[in-house]
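Novice: Take a look at the letters that make up each chain.
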Amino acid sequence: MTQTLHLVAHVGACGVLIHAGRVDSVVDVDAIVPAPGAAPGVLGLAAMRSRVATVVDPRHVLGLPRGTGESAGRRAVVTAVDGHLYAIAVDTLEDVAMFSIAPPPAGLGSLGPFVSGVVEGEGETLLALDLDRMIAAVDGGVNSKLTPGDACTSGKNNG
Amino acid sequence: MDDLLQEFIAETRETLEALSGEIVGWEAAPDDRARLDAIFRFVHTIKGSCGFLDLPRLTRLSHAAEDALSAVRDGARVPDPALVTAILAIIDRIGEVVEAIDAGAALDDSGEEMLIAALDPATGPALPLAAAPETTSEVALPVRGTKRTVRLSVDLLDHMMSGVSDMVLARNQLARALREMDDPRLETMLDRLTMTVDELRDTVTRTRMQRIEALFAPLPRLVRDAASSVGKHVSLAIEGGDVELDREMIELLRDPLVHLVRNAVDHGIEDRATRILAGKPAAGRLRVSARQAGNLIVIEIADDGRGIDTDRLALKIARERPDRVRELSALTEAQRAELVFEPGLSSRDEVTALSGRGVGMDVVKANVEQTGGRIRLSNRPGEGLSVAIEVPLTLAILNAVMVEVADTRFALSRQTVEEIVAIDQGQVRIDRFGTGAVVVVRGARLPLVELPHLLGKNDPAPLRYLAIVSVREGRYALGLEGVIDTQELVVKPAAPAVMRAGIYAGQMLPDDGVPVLLLDGAAIAARAGLRFDVQAEVEDADTGEVAVGTLLFEDVDGVARLIPTDAIDRIERPAMRDVNAAAGRLWLTAGEKSVPIWAGAGARTPADAGTVLRLQIDGREIAYPVREAMEIVPLPESLTPVDAGPVVALAMVDGTPVELLDPMLLFVDGGDTPAQPLCLLHGPDSPWMDAFLRPTIEAAGYRVARTLAPGERAQVALAMTDDPAPPPSPAIRLGRRRGEGVYRYDRIALTRALEEARA
Numbered sequence: 001m002t003q004t005l006h007l008v009a010h011v012g013a014c015g016v017l018i019h020a021g022r023v024d025s026v027v028d029v030d031a032i033v034p035a036p037g038a039a040p041g042v043l044g045l046a047a048m049r050s051r052v053a054t055v056v057d058p059r060h061v062l063g064l065p066r067g068t069g070e071s072a073g074r075r076a077v078v079t080a081v082d083g084h085l086y087a088i089a090v091d092t093l094e095d096v097a098m099f100s101i102a103p104p105p106a107g108l109g110s111l112g113p114f115v116s117g118v119v120e121g122e123g124e125t126l127l128a129l130d131l132d133r134m135i136a137a138v139d140g141g142v143n144s145k146l147t148p149g150d151a152c153t154s155g156k157n158n159g
Numbered sequence: 001m002d003d004l005l006q007e008f009i010a011e012t013r014e015t016l017e018a019l020s021g022e023i024v025g026w027e028a029a030p031d032d033r034a035r036l037d038a039i040f041r042f043v044h045t046i047k048g049s050c051g052f053l054d055l056p057r058l059t060r061l062s063h064a065a066e067d068a069l070s071a072v073r074d075g076a077r078v079p080d081p082a083l084v085t086a087i088l089a090i091i092d093r094i095g096e097v098v099e100a101i102d103a104g105a106a107l108d109d110s111g112e113e114m115l116i117a118a119l120d121p122a123t124g125p126a127l128p129l130a131a132a133p134e135t136t137s138e139v140a141l142p143v144r145g146t147k148r149t150v151r152l153s154v155d156l157l158d159h160m161m162s163g164v165s166d167m168v169l170a171r172n173q174l175a176r177a178l179r180e181m182d183d184p185r186l187e188t189m190l191d192r193l194t195m196t197v198d199e200l201r202d203t204v205t206r207t208r209m210q211r212i213e214a215l216f217a218p219l220p221r222l223v224r225d226a227a228s229s230v231g232k233h234v235s236l237a238i239e240g241g242d243v244e245l246d247r248e249m250i251e252l253l254r255d256p257l258v259h260l261v262r263n264a265v266d267h268g269i270e271d272r273a274t275r276i277l278a279g280k281p282a283a284g285r286l287r288v289s290a291r292q293a294g295n296l297i298v299i300e301i302a303d304d305g306r307g308i309d310t311d312r313l314a315l316k317i318a319r320e321r322p323d324r325v326r327e328l329s330a331l332t333e334a335q336r337a338e339l340v341f342e343p344g345l346s347s348r349d350e351v352t353a354l355s356g357r358g359v360g361m362d363v364v365k366a367n368v369e370q371t372g373g374r375i376r377l378s379n380r381p382g383e384g385l386s387v388a389i390e391v392p393l394t395l396a397i398l399n400a401v402m403v404e405v406a407d408t409r410f411a412l413s414r415q416t417v418e419e420i421v422a423i424d425q426g427q428v429r430i431d432r433f434g435t436g437a438v439v440v441v442r443g444a445r446l447p448l449v450e451l452p453h454l455l456g457k458n459d460p461a462p463l464r465y466l467a468i469v470s471v472r473e474g475r476y477a478l479g480l481e482g483v484i485d486t487q488e489l490v491v492k493p494a495a496p497a498v499m500r501a502g503i504y505a506g507q508m509l510p511d512d513g514v515p516v517l518l519l520d521g522a523a524i525a526a527r528a529g530l531r532f533d534v535q536a537e538v539e540d541a542d543t544g545e546v547a548v549g550t551l552l553f554e555d556v557d558g559v560a561r562l563i564p565t566d567a568i569d570r571i572e573r574p575a576m577r578d579v580n581a582a583a584g585r586l587w588l589t590a591g592e593k594s595v596p597i598w599a600g601a602g603a604r605t606p607a608d609a610g611t612v613l614r615l616q617i618d619g620r621e622i623a624y625p626v627r628e629a630m631e632i633v634p635l636p637e638s639l640t641p642v643d644a645g646p647v648v649a650l651a652m653v654d655g656t657p658v659e660l661l662d663p664m665l666l667f668v669d670g671g672d673t674p675a676q677p678l679c680l681l682h683g684p685d686s687p688w689m690d691a692f693l694r695p696t697i698e699a700a701g702y703r704v705a706r707t708l709a710p711g712e713r714a715q716v717a718l719a720m721t722d723d724p725a726p727p728p729s730p731a732i733r734l735g736r737r738r739g740e741g742v743y744r745y746d747r748i749a750l751t752r753a754l755e756e757a758r759a
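Chains as they are written, first to last, in our numbering: chain A, 1 to 159; chain B, 1 to 759.
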């Protein structure tokens, strides 16, 4: 099996791999501008030099428990999908290395759709993320009606 | 015009280059439909551009080729080798003529008749089969000192733009750090850097962006020429010219727009007699407007002509394609109108001088779709057709108002914001009714949308400002917590995950490096559940003229005055730095141009121009400073004419006489006066006309006389409708009451009539 270059990162307690070919850059996000009404997985917007990236919290999509809420100074992996820039927030970024990815096993639960394979790490299973599927899940339908839990529905009660 | 010609030459040259392969391919396989279509589009485009650049030779050549190709497309002719050769000879000739135009050299036009004759199947192959025309001699054409241009890839420009944006951000960071050091030497150096970087950014932005004006500028001439060639009268209104758009997009939209405008004049608007019989104003109306709606730029071409005759259209297709009858009968009315986009179709059976056979709606659609946009029709048979071209806002610069809600900045398009009112100034009252609320601003009651609520903030800070937002559907007040400033920024599309909120139009990155979301005024209204009653245009039953609305305002000298709203492009509060004194008067900086500020009421210092009315007539602009814009009132019926500068009448508003301004007269001073035609005042009322109408007539570019000198000829005569003695024709009849001819106090209608008479 061929080896490919991957970034090793942690989101919560979960070790993940991101294909290096898909990584635009790795940045420290210092300020996130909120985007009220955006999809639940979106933390907000941040400037990456002269471009604006949408900051995504992978926990939401991956079905992991929410983090501490500390957003300033966190690291993010920047990737481009369909001409849009996304910054995927991670807790720690450990390494870049060559890996041979094995097919994903059963039993990944809500993570299943977003995992393209696994690798045995140091005492843990690292999950190779399928970025396109993950971003597609965050984006959802552009024109889909908001669910009652979303912020914007309170607009009906203005006044 | 020179720019347009250069563009045309560059474009034609480029298309010819790209087309040469198609031509050779077509020669080998004359039945290849795709190649035939490509060649057809080429000659069709050339014909369109030439007609309006006034290049009769090219028009003749391309028209002849188009005719022949059209016959082939319709299946009326078989593309035999003789025809292919003749077409190729014409395309070669077009190339030569274009090169000659570029070099400014004369090119002998002998042989062109023969080229055209060769297309005629009756005369047969007048050209020997392999004969490239003899005139293909390689003339060493002299090089003229023309503007030199190169074509660059858009990627390269984008790369340059983002590089410069990076530099601006880095400069700002550097500036912040250096300010802390407080070293005057560094400060000067930094200032120089700042200036250079700003200039560079403007230049680079200009490489990519262009005002949509560039697209609209040729339209008045085009409409005039097109209308006069078919003996129609058309008044053109252009709106939204200062929307800036990607150059690439502007190039792509040029042909579709020209085509649609020609179609409207040629097919849409009826001739004078038909219009009068149908109870419409004699002059057709054509409105071309550009606006930003959500993440789209919408260019709308609306006429008040006959609309698409869908029955006839369906019938024609059914006749040609009997196999489609069942499909056709199942179509909805809107779908039937869209049949005009079918290839090789004409909704008119006769060929006319202009849009030829009405072909090309398929080409228009293909061109628009090439930009990633779409085209929508709104057809009202008998009342007009409105075609909306929607193109994605890939890159656009917008004048944005930065507002603050929930400690976050958002941007609103300046174009949709009529004004911003501070709540604590007592000019507004907020009435709350349970879950809804309205605000009362200067007597107008508007629905209130509280932005903090809409954005999901539950314990918002008190509202401090209202932005009066005007969208297509209606007007409403948007409650804000703060207003920061206005900035010109590049808008880029936001990610789907963000657009999902349904209230944003895109994202922007100001110089401080903190992203800002651009709010979409129309989407906010929809999200807040506002329902606007569609208000039909108020038409005066007798004349079909729209009732004249006027703005009541407090002038800088404290006097209340009225001005017709038609003349007002928008009401603006310019930034102090945009108002400057020069050459003995005040000037307003708007984009790249300077607009004179009217000084007649005593505006002397920039402080007097806190609020200005931007007036725009026939492409000329003036800014009228006011203290406060009060309200819109219909033009009072009873006017007492006076003649005091731009004040033409006194109107009674709430029992008080108020001065009515004629916006035309504001443009009189400093206007350039070309050769002036003569306007004859005819009949017993001519002293009255001389006293009251002379300024208006002169403002419309005429000389005024009550008698003709020997040998003199009047361009137009003015006479009352009840004048028994017939005036020399052509004449404009003035009515003593509304509904009779041109109402004698309706200066706008009179000016329009005078302008038509001059055209």
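Derived from the structure by calculation, the hints contain no laboratory data. Glycine included, every Cβ here is placed at the ideal spot set by N, Cα and C. Some hints could be false.
Simulated coverage check for chain A against chain B, where a stretch passes if three residues somewhere in it have a Cβ under 8 Å from a Cβ of chain B [unchecked claim]: (1) 27 to 38; (2) 48 to 58.
Chain A is nowhere near these chain B residues, computed Cβ spacing over 12 Å in every case [stated by the list, open to error]: (3) A71; (4) D166; (5) A170; (6) A217; (7) A273; (8) A406; (9) A495; (10) D512.
Novice: With reference to the structure, classify each hint as holding or not holding.
Specialist: Here is what the structure says about each hint:
Counting residues of the segment 27 to 38 of chain A whose CB falls under 8 Å from any CB of chain B gives 7; the rule of at least 3 is met. Check result for the segment 48 to 58 of chain A against chain B: holds, 6 residues qualifying (beta carbon to beta carbon below 8 Å, three or more required). In this structure B/A71 is separated from chain A by more than 12 Å, as the shortest Cβ-Cβ distance comes to about 44 Å. For B/D166, the non-interface assignment is contradicted: its Cβ lies about 5 Å from the closest Cβ of chain A, within the 12 Å cut-off.
Not every Cβ of chain A is farther than 12 Å from the Cβ of B/A170; the closest lies at roughly 9 Å, contradicting the non-interface assignment. Consistency note on B/A217: stated as away from chain A, and its beta-carbon is indeed over 12 Å from all of that chain's, at 32 Å minimum. The claim that B/A273 lies off the interface holds: its Cβ sits roughly 48 Å from the closest Cβ of chain A, which is beyond the 12 Å cut-off. Its closest Cβ contact with chain A, about 7 Å, brings B/A406 to no more than 12 Å, contrary to its assignment away from the interface.
The non-interface label for B/A495 is inconsistent with chain A: the shortest C-beta to C-beta separation is roughly 4 Å, within 12 Å. The claim that B/D512 lies off the interface is violated: its Cβ sits roughly 9 Å from the closest Cβ of chain A, which falls inside the 12 Å cut-off.
When each numbered hint is compared with the structure, violations occur for hints 4, 5, 8, 9 and 10.
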